[in-house]
Amino acid sequence: MNKFEFNNLIVRHSDSLKSYARNFTKDTEDANDLVQDTLLKAVTYFGSFREGTNLKGWLYTIMKNTFINNYRRITKSNSFITKEEDISNANLVGSATRNLGENKFIREDINSALDNLSLEYYTPFTMYFEGYKYHEISTYLNIPIGTVKTRIHIARKAMKKSLAIYNYYA
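Per our numbering, residue 214 is the first one in the sequence shown, and the count goes up by one each step.
Rather than coming from a laboratory, the hints here were simulated on the basis of the structure. What you were told as hints is all true, and nothing was included just to trick you.
Simulated DEER-style distance windows between Cβ atoms:
no., residue 1, residue 2, range
1, Asp243, Lys374, 49 to 55 Å
2, Tyr353, Lys269, 48 to 54 Å
3, Lys239, Glu218, 32 to 38 Å
4, Thr241, Thr266, 28 to 34 Å
5, Asp228, Gly265, 22 to 28 Å
6, Asn380, Thr274, 47 to 53 Å
7, Thr274, Ile323, 46 to 52 Å
Straight-line alpha carbon distances no greater than 16 Å define the calculated EDC-like cross-link-like pairs of lysine to aspartate or glutamate that follow:
no., residue 1, residue 2
8, Lys231, Glu242
9, Lys370, Glu333
10, Lys216, Glu264
11, Lys373, Glu321
12, Lys373, Asp328
13, Lys269, Glu218
14, Lys231, Asp246
15, Lys362, Glu343
16, Lys277, Asp250
17, Lys362, Glu333
18, Lys231, Asp243
19, Lys277, Asp246
20, Lys374, Asp322
21, Lys277, Asp243
22, Lys374, Asp328
23, Lys362, Glu349
24, Lys231, Asp250
25, Lys269, Asp228
26, Lys370, Asp328
27, Lys373, Asp322
Keep in mind the model is a prediction, meaning the values are calculated, not measured. Every residue gets a Cβ at the ideal spot worked out from N, C-alpha and C, and that includes glycine.
Taking the hints into account, I'd like the entire structure generated from these sequences.
Take a look at the structure:
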């Protein structure tokens, strides 16, 4: 099959793609954009289509993946965009009164509090903070899980006590 024949085949499926796209987007204009993106990707990746396979299923898969990727991209970009209601006086007070110098002092206080922990509490606490699970810490340190949990709890209490001045900001 040449590219011209392939293009004609995918254009024949555009109506069913539009109704499938509306299921995703719930909006006609967004559905048309999704169909256009799908057709563009189908034409671009013409070489990866194997003749004899289900073209409609292939197109639907492209559309579904395109929708998911666009949704993720939009969600991620919205998390970085500051909306107008977030820029009120009440919301700016915290950022306007703090600066990087304050953050440096906070980091130094945290490091000092960590340095004050004995090694038997420091190691399981920092491992847990880095994302290790209780059973992984237990295996690594060759101690029971209950001991790991107790040491993390005691370290957390000691850190909280050392950093009590910052409880005001929490």
